[in-house]
Amino acid sequence: MAETGIARQPLIQGGKTLAQVTLDVLKPMERRPGLLWWVAFLASLSLLGLGAVTIAYQVTTGIGTWGLNNTVGWAFDITNFVFWIGIGHAGTLISAILFLFRQRWRTSVNRSAEAMTLFAVMCAGIFPVIHMGRPWMGYWVFPYPNDRGPLWMNFRSPLAWDAFAISTYFIISATFWYIGLIPDLATIRDRSAPGLRRTVFSILSLGWDGSYRTWQRYETVYTLLAGLATPLVVSVHTIVSWDFATSVIPGWHATIFPPYFVAGAIFSGMAMVLTLMIIARKAMHLEEYITHRHVDVMCKLILLTSGIVALAYGTEFFTAQYSANPYEQFVFLNRAMGPMAWSYWIMVSCNVLAPQFLWFKRVRHSLPAVFVITIFINIGMWFERFVIIVTSLHRDYLPSSWSSYSPTPIEIATLIGSFGLFFTLFLLFCRILPVIAIAEVKGVLQHGHAAPGAKAHHEEGRGQQ
Amino acid sequence: MTRRVMVGIFNDEQDLLRVTRAVRSQGLPILDVYAPYAVHGLDQAMGLPPSRLPWVCFALGLSGAALKVWFEYWTTAVDWPINVGGKPWDSLPAFVPITFEVMVLFAGLSTVFAFFLVSRLYPGRKAVIANKGTTNDRFALVIEEADAAFDPPQVQRLLESYGAIEVYERAEEEAA
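Residue numbers (my numbering), protein chains in the order written: chain A, 287 to 751; chain F, 2 to 177.
Any given hint could turn out to be false.
Straight-line Cα separation of at most 25 Å, BS3-like style, residue types lysine-lysine; simulated pairs [stated by the list, open to error]:
1) Lys313/A to Lys133/F
2) Lys313/A to Lys586/A
3) Lys302/A to Lys133/F
4) Lys313/A to Lys302/A
What the hints contain is simulated information worked out from the structure, not anything from laboratory work.
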């Protein structure tokens, strides 16, 4: 028991028993919601309402209600789309990639991070669908036998790839999330008194009884899904970046885009996970489950991805300079010094400078400080997409086509509405489903604690981890 | 047809692992073990063979990918060829992203459905709970009283010597 390194420290504090874990996680959903929850829920719901009204308005009126013009044909909508998709990616990182790397601390945060993925992908989906102009024909992006020939879709278009990537991502993430939920749903079922709640959870838990023969297959399926979701999440943001990179717009036409986008996605998503976790652990009294160690590890991941993103910013400038392509060089000088330079410098300060504070252990251990930094990163990563999209477009090849862009109130209201949708769904999730994967946390409960009288069994127990 | 089983209830993972090994080494038929979480190493203790679900994943993933390549080729090069930017009709590299996505979709969903099928999990299934606590904090080891050589008091003593907090016998319907 000589190990005292961080890898051997308990993941869950407070010396919990198995029954206590069940109780602690389910307590918030078994009592009436508090005032704070209602205030947050009603606020989110009204933002969602605002979004719904503006979406109805722009769908019935047309996207002429946006500030787009011939030169800047993509702006707020696609910025929001990429922003939300990126947020989602941290959930998959935590649930799938960290699972494959056997990072056992993930068990405390994976459930809510996966929920965040699902809700963020829903928010993301709104924007391209509205941008179609005629969303009721949205199914045209998929190949289906139609009476126009049948005229098939263009499988060579990155936008078509995107439709497939996002749909697959949503379906697989939802499946992965549900599979993870089944044992916990059974736990709730067995705790509930006969009635509606028990009936609903009986149906949802598919008659799960904790049989180890099932558990063994379950673990296999979970590993397989994690193995599938890992390349999937990389492919999704790669394909999102191809929406830009396969065009011939200077500032977009770059081979660095896929890794740059994937790292940025994980960076922004980690920040959003932390923002939510810091609130949730406090509001739901889960301090012993989501500990300082979890925050610390995630801060380090943020620091790493921030470094990658900063490197990408620098590489873009280097490539532009080295290309000797005047258009490419102009775009980057214009980004940093042109009329939209303010957005570029917001991006750099939020994404490169702000995270540097996380080098200090004292900052990583101060929740208010981490919270503020994650908010900065959320803002910075939104601006990153804005900078990539708008500054690359607003100065066209021909100076006669030069233009500018500013969002209309409708566009801003839609963005706010998407936040409303996200937080409404997240708050509902906190009320009706366990925010921590109970069965997984039980599996790591012994981690770092000496098993009672287990001297002889210490090795075999550890050998499986 | 009913069969008689003996159920031992435990409240510690280490006890459960040890008793499972002991019961198995005595040649007693373990019907199943019920646990609130996936206890690592229990599959070896029970002597369960590895799951064959990865094969389903592999086969269906491969079929999905093959199907999609064929479909993209057929729509784009055969059924209604359209010249997009002078690219060849069968522009296979451009088909890679969607093929990959469809492969993941097929592999993932088929694995999950195969899992539900072999584990007999479906909405409306009545959970056969060995003990109320097995989805909370109890582990249940279920041994079949297979033949006349089965000596209930002796097995009960064996289970109790490994820390069983409760041992009982019961008759249950044999799964179809």
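For Lys313/A and Lys302/A, compute the direct alpha-carbon distance and say whether it is at most 25 Å. holds, 15 Å
Given the hint that Lys302/A pairs with Lys133/F, does the C-alpha gap stay at or below 25 Å? holds, 20 Å
Pair hint Lys313/A and Lys133/F, alpha-carbon separation not exceeding 25 Å: holds, 19 Å
Please verify whether Lys313/A and Lys586/A have alpha carbons no more than 25 Å apart. violated, 31 Å
Hint violations for this structure: number 2 only, all remaining hints satisfied.
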